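A.B. asks: Residue strings, one per chain:
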Amino acid sequence: MKKLGPLTIAGAAGLAALVLPLVGSDYAVSFSIQLLIFLVLAYSWNLIGGYAGYTHFGQVSFFGIGAYVGSLLTFHWNVPWYFAAVVAGVAGGLTAVPLGGAMLRLKGPFFAIGMFGFARVLEAFALGFDSITQGGTGIYLKPLGDLRPLYYVVAGVTAIMLLLTWKLDNSRLGLKLLAIREDENAAESLGIPTTRLKIGAFVASAIAPAAMGSLYAIYLGFIDPPTAFAPNIELTTIAMVLLGGMGTVLGPLFGAVVLSIVNEVLWANYPQIYLACVGTIVLLAVMFTPRGIVNLGMKSGWLAVGRPLFRRLAARAGQPS
Amino acid sequence: MPVAELLVGGILLGGVYALMACGLNLIFGVMRVINFAHGDIMAIAALSTVSIAVGFKLPFWVAIIAVPLGCAAFGALIHVVILRRIEGAPLIMSLLATYALSTILVNVAILIWGGGYSGLPGVLSGSVRLFGINVSISRLVSFICALGVSLAVWWLLEFTRFGRAVRSVSRAPELASISGIAIERVRLATFALGTAMAGLAGVLIAPAFAIDPQLGSRFIIKAFAVIIVGGMGSYPGAILAALILGVIEVVGSYLAGAVIGSAFLFLLMLGVLLVRPRGLLGAGIRV
Chain A
2 MKKLGPLTIA GAAGLAALVL PLVGSDYAVS FSIQLLIFLV LAYSWNLIGG YAGYTHFGQV
62 SFFGIGAYVG SLLTFHWNVP WYFAAVVAGV AGGLTAVPLG GAMLRLKGPF FAIGMFGFAR
122 VLEAFALGFD SITQGGTGIY LKPLGDLRPL YYVVAGVTAI MLLLTWKLDN SRLGLKLLAI
182 REDENAAESL GIPTTRLKIG AFVASAIAPA AMGSLYAIYL GFIDPPTAFA PNIELTTIAM
242 VLLGGMGTVL GPLFGAVVLS IVNEVLWANY PQIYLACVGT IVLLAVMFTP RGIVNLGMKS
302 GWLAVGRPLF RRLAARAGQP S
Chain B
19 MPVAELLVGG ILLGGVYALM ACGLNLIFGV MRVINFAHGD IMAIAALSTV SIAVGFKLPF
79 WVAIIAVPLG CAAFGALIHV VILRRIEGAP LIMSLLATYA LSTILVNVAI LIWGGGYSGL
139 PGVLSGSVRL FGINVSISRL VSFICALGVS LAVWWLLEFT RFGRAVRSVS RAPELASISG
199 IAIERVRLAT FALGTAMAGL AGVLIAPAFA IDPQLGSRFI IKAFAVIIVG GMGSYPGAIL
259 AALILGVIEV VGSYLAGAVI GSAFLFLLML GVLLVRPRGL LGAGIRV
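Heads up: the sequence lines are chains A and B, in that order.
The first sequence begins at 2 in the numbering used here and counts up one residue at a time.
The second sequence begins at 19 in the numbering used here and counts up one residue at a time.
So here's chain A without its partners, still in its complex pose (with noise of 0.2 Å):
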């Protein structure tokens, strides 16, 4: 049997991605907008939190701070949305700049947490400062007619993502990221510029995020700072890289895939044990698979092997729990 590599799936993918909208229903197009954001952000923490090996529980405050910036750009200038989205996600980029110079000299639980306070006190902010972000009622922005532009430019980021990623995985640029991942010391003491590269991790990790936040104020036609700073869709997305593998080209795609179906069918049914489900999920992958799906595919034999996954899960792997 021929073994699929990256090249194979993410052509697939980008295939089913092209001739979806012109024979899908609006309902496909509205939910593979929805999964597509979900791929950009859950590549873009894989960035930071798969390669650098940094725990960053606070992503989604470059999605609130590009959903905002995006929403109040065209609520109060009439901006065209991808024009704001692009503006939302320079944004992101700036604002990651600074934080990640200071936050990112802190080390494990400490940035984990630092970054979760920050994504609070944006919120607390959003919610505060109402004269600018009309606080908890939210911005209603004009909703759009047809979804199909909106999807092809999503698309179209989670491709460059994608691509980046695999270009990443294939260089010496990623094999330095996996050294800090693996012993930030050590790689320090073989010569890489840790501080420079983690920042510039950090950095290419939130322009993305930021520009899906907007482009999903736009999506929703709405936003709040509920939702803008949603700690639900952190969870989504970290869950989504740690189901199909951390720090690996093809993970991402496979939990944001898998999990978005499942998100789907649990929010139709059961919405009121829709969280429960996720975090059932997330625990059972923690607890069993913390490889992911790609780890399985390759050990099955159905995946073409790649780099090894995550050293540190794997020298665990023979002990008895």
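Derived by calculation from the structure, the hints in this document are not laboratory data.
Please read all numbers here as calculations on a predicted model, not as lab measurements.
A virtual CB, placed ideally from N, CA and C, is assigned to each residue, including glycine.
Warning: the hint list may mix true and false statements.
To be verified - Derived list of chain B stretches under chain A, where covered just means 3 residues or more per stretch with a C-beta under 8 Å from a C-beta of chain A:
#, stretch
1, 243-250
2, 285-299
Unchecked claim - FRET-style restraints, in silico, Cβ to Cβ:
#, chain 1, residue 1, chain 2, residue 2, range
3, B, G73, A, Y28, 39 to 45 Å
4, A, G137, B, A84, 36 to 42 Å
5, B, V98, A, L145, 49 to 55 Å
6, B, L87, A, Q273, 47 to 53 Å
7, A, P144, B, V98, 46 to 52 Å
8, B, G106, A, L191, 45 to 51 Å
9, A, V263, B, I162, 44 to 50 Å
10, B, G181, A, L165, 50 to 56 Å
11, A, L165, B, L129, 39 to 45 Å
To be verified - These stretches of chain A come out as covered by chain B in the derived footprint (C-beta under 8 Å, 3 or more residues):
#, stretch
12, 54-60
13, 112-120
14, 123-136
15, 233-241
16, 263-277
17, 284-296
Could you slot chain B onto chain A? The hints should help.
C.D. replies: Using the frame of chain A, we list chain B on its own:
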């Protein structure tokens, strides 16, 4: 500005933060696990207290005894079923596990108690006059209980055999293990103790605050702020920082409104993280 009222109000609030943060800190110190579900355990404890007092019409002291015991049992269960299995895995695994647990608990709490607010009317109501200030009895009682238990646990850690075992597992698990300390049992006991403290904090806030299933996420971030400012793993630091942050929150809310007031806490936390990550009294814990 009513300085004395704000000061007293802040310190009384800080007592509950202290109890909560101490439990969280204890768990972090010994297990290197940041328990995101800590606040939700507290919320469920508070809601159970309402059920016990209003639903079953039992006296309040039944809840004070039963709920922390129930929480301890639940904590032990979490430790055995989940956390023990992912010991030694990268930090992100335990973070994700407790984060996921937290969403599950919130959802279950909403299913059981509904999403609305509930309270305990008639329990410890009224107020007393202290130093010329009116202080609500419920807040005073919860402050005294919370600070008393926090100090008692501190005593337990400093002066008992069990406490020495806990501290040595926290400082150097390998050395503790070869010195004959059953580190697994110590971890289990510590996690159960930590969740019991969260449970007691929940019981104590029930008469003083309006409670709902989402309460946990609002409190957990304040508890994070407390342990960061006080120093991660530092017990006296957490108590001190809890009182300071209680005052800052109350004064901040008075000056700038509740939402921005609580944002002050996070800003202070971010500031401490950047300037002095080990906190006020932290020993620079190994992570």
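A.B. asks: The structure should be examined with respect to each hint, and the outcome stated for every one.
C.D. replies: Hints versus structure:
Note: the stretch 243-250 of chain B has 3 residues with beta-carbon separation from chain A under 8 Å; the three-residue rule is met and the coverage holds. Figure legend: the stretch 285-299 of chain B, annotated as covered by chain A; annotation consistent (6 residues with Cβ-Cβ distances under 8 Å, at least 3 required). Hint check: G73 (chain B) to Y28 (chain A), Cβ distance near 43 Å, so the stated range 39 to 45 Å holds. In this structure the hint that G137 (chain A) and A84 (chain B) lie 36 to 42 Å apart at CB holds, the actual value being about 37 Å.
With their beta carbons about 51 Å apart, V98 (chain B) and L145 (chain A) fall inside the hinted range of 49 to 55 Å. Take L87 (chain B) and Q273 (chain A): their Cβ atoms lie about 30 Å apart, and the range 47 to 53 Å is violated. Between P144 (chain A) and V98 (chain B) the CB atoms are about 50 Å apart, so this pair conforms to the stated range of 46 to 52 Å. At roughly 25 Å, the beta-carbon separation of G106 (chain B) and L191 (chain A) lies outside the given 45 to 51 Å, and the hint is violated.
Here the CB-CB span from V263 (chain A) to I162 (chain B) is close to 48 Å, well matched to the stated 44 to 50 Å. Taking 50 to 56 Å as the suggested C-beta distance range, the pair G181 (chain B) and L165 (chain A) conforms, at roughly 52 Å. Between L165 (chain A) and L129 (chain B) the Cβ separation comes to about 41 Å, which falls inside the hinted range of 39 to 45 Å. Check on the stretch 54-60 of chain A: 3 of its residues sit with their Cβ under 8 Å from a Cβ of chain B, so the three-residue criterion for coverage holds.
Residues of the stretch 112-120 of chain A with a Cβ under 8 Å from some Cβ of chain B number 6, which satisfies the need for three, so the listed coverage holds. Only residues whose C-beta sits within less than 8 Å of a C-beta in chain B count toward coverage, and the stretch 123-136 of chain A has 4 of them, enough to reach three; the restraint holds. Chain B is given as covering the stretch 233-241 of chain A, and this holds because 4 residues of the stretch bring a CB closer than 8 Å to a CB of that chain, at least three being needed. As drawn, the stretch 263-277 of chain A meets chain B at 5 residues by the rule of a beta-carbon pair under 8 Å; at three or more, the given contact holds.
For the stretch 284-296 of chain A, the stated coverage by chain B is satisfied: 4 residues place a CB nearer than 8 Å to a CB of that chain, which reaches the threshold of 3.
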